[in-house]
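Novice: Going line by line, the protein sequences match chains A and B.
Numbering-wise, the first sequence is residues 1 to 322 according to my numbering.
Numbering-wise, the second sequence is residues 1 to 364 according to my numbering.
Incorrect hints may appear among the rest.
[Stated by the list, open to error] Cross-link-like lysine to aspartate or glutamate pairs, in silico, EDC-like; alpha carbons within 16 Å at most:
id, chain 1, residue 1, chain 2, residue 2
1, B, K96, A, E167
2, A, K140, A, E213
3, B, K99, B, E123
4, B, K263, B, E291
5, A, K223, A, E167
6, B, K99, A, E167
[To be verified] To give an idea of the interface, some chain A residues facing chain B are shown, with a C-beta separation under 8 Å as derived from the structure:
id, residue
7, K28
8, I52
9, V56
10, V108
11, Y241
12, S276
Quick caveat, the hints were computed from the structure, so don't treat them as lab data.
No residue lacks a Cβ here, since even glycine has one placed at the ideal position from N, Cα and C.
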Amino acid sequence: MSEAHHRIPVVGIPRALYFFYYGKAWEKFFQKVGFCTLISPPTNKKILEKGINLSVEELCIPLKAFYGHCEFLKTRCDFVFVPRYISVTKNTFTCPKLLVLPDTVKFVVPDLHVLSLSFKKSEVPGMGQFFLMGCRIMRKTYFSNPGIKFLNLTKMRQLFKKTLWEEREKSEIKPLSFFTNSHSTSSIPIMVIGHPYNLEDSFINHNLFNTLEELGLKVITPKQISAKIIREELKNLPFIYWSQEREIAASAYFALKQSFIKGIILVSSFGCGPDSLIAEQIVQDAKQYKKPVMQLFLDENTSQVNIQTRIEAFADMIRARK
Amino acid sequence: MKNIKPLITSPHMGNTYIAVKAFLETVGCLYVPCPPTSRRTIELGARYSPEFACFPFKVTLGNMIEALEKGANVILMAAGRKGLCRLAYYHIVQEKILKNLGFEFEMVGLGNNLRDVLFRKIELWSGKCSTLPGLIKATAITFRKLKLIRKIENLTRNLRPYQVERGEVEKISRKALALTEEAKTFSQLKTVEREIKRLFTSIPIMKKREVLKVVVVGEFFCCLEPAVSFQIEKILGEMGVLVTNNMSSYRLAKGFLFPDLQKWWINKFIVKKYLRYSGGGEERRTLGEIEIYARKGYDGVCILSPFLCLPENTAKTILPSLSKKFKIPVLSFSLDENFSEVNMLTRVESFVDMLRRKKNVSGN
């Protein structure tokens, strides 16, 4: 007991799913409270294989990778942080598979000490959530320092909010005008749309961005499109009730209307529920705007060559249209 | 389009069309049921729908295409009240696909706009002023019919393993459903109810047969529509298995208007230890009913879910530990357009054999 008393508890953060949205803010938050943090390494073959063995075969690949990351962290840290994002904005929900993660992960990876925060209608959790989290930490660490800090609920909530905003301001994103102003003839701007956990995990998408750049295509992602444009695009669409899907649909329709974007690649993982319908809607509407759209599906059987071939064909097609 | 009398249709879900027809015809609209779901329906739906859309999307799209070919021009699609699962977004994408195919029609998603549909749209369709008493009467008849349908389905399930001659119960059940469809007023429905009771008691049965008990759970469309699961309930029943299926269109319709107490009870007291928050579909009912029926001493569970169903995947993740805890065997089917009857038959036969050996039941 005495050993546990003095050691600083380690919080593990799996580098999967919502990590690509809010990961840096979580890390900073836990460090400020006084924990050690351990972020699992970028997805590699070993982690993914572990995840595939653990989970149901019908699940999408980022979720399988997530279970692999949890399994990796299980022996290396005291807690694993698995947040539950129910809704980020009003009247919307996140993917139904990701909403139940803190519950299912206990069954998939047994004996995992899960720390969880529920986010409802906002990107900052309620105070009750911090209380529950504090209790859980104290029970495990025998009332050591960082757990007690959690009882100061208002302060914790403010700290979380502050960290979130700080991280958001820090992140450097090239503004869209960067693309519209440069009139280089060699590189063609195209839009790659998908969830951040598919786009930014280079093991899952087999270095998609490198492949695109080698072919002389300039990539725009939904992150570069400002919130104002997204809000205006959403007004013309039927109400979409998946939080992450709103960004995807809005940026896709924005890209369809802009003439300087020459093509759209929709990246989704096999079996992604919301994507299957939203992507179909985009593909159906793309016929009106006469813009090439390619759907790219990722699963554990997708290979580098597979993606390379399809992208090369797509790039040739765009060049031919010019 | 204005001059044509609106001809309303709605995709199939088991025998629910009888009740929808009753409601619309009592209010004064014209209703044409879709042709029964066949191989062609499923192929049509699968051809025009996105690859990873779930199976109900494809089947209902196929139904819609066939109904539009028959001349319908208004489609009623149940869309659910609020979204999480893909169901509430079905009608938007389906409308887009069908419009791009060149059909002219109006799509109405029944969900939050219930009031608008009842008081404005129905007036437009029927050409008559829709009054509150008229609507209440129509709703009452609809619910009565839904209740009758549930009764017929339950009687069929309970009698099937005991029947002396194969197919006898099926024949009677079809007859009873036809009678229910024909009845128009309350007094007629009352006589029909008596007639149904008489019909089902007239079936010769052998009470002594030892039967196994299996509960069918899963996504509601797959549980209710026998065409997509190749009539798994019938096959199980004829093998000597007493099938229980707690899902019915009556329950769904009632849950649409009033809070569903049974669901609330399951969510609050049984599934809370597995799942704290809903995954958007029927996964809590699946898990809860498995626990309830396992405690009641049932022999097995059969789960029907569409391939890539989001909420059912959550249930499937938790299932193995539940199955181990209650020592109840689980047979789960992922239904899609490539699912074959022979595949299902083989698996069901071996499952039933396993259950028989486990329980030492001869089966005859």
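Novice: It remains to establish, for every hint, whether it holds in the given structure.
Specialist: Against the structure, the hints:
| no. | hint | result |
| --- | --- | --- |
| 1 | B:K96 / A:E167 | violated (40 Å) |
| 2 | A:K140 / A:E213 | violated (48 Å) |
| 3 | B:K99 / B:E123 | violated (25 Å) |
| 4 | B:K263 / B:E291 | holds (14 Å) |
| 5 | A:K223 / A:E167 | holds (15 Å) |
| 6 | B:K99 / A:E167 | violated (45 Å) |
| 7 | K28 | violated (27 Å) |
| 8 | I52 | violated (14 Å) |
| 9 | V56 | holds (5 Å) |
| 10 | V108 | holds (6 Å) |
| 11 | Y241 | holds (4 Å) |
| 12 | S276 | holds (4 Å) |
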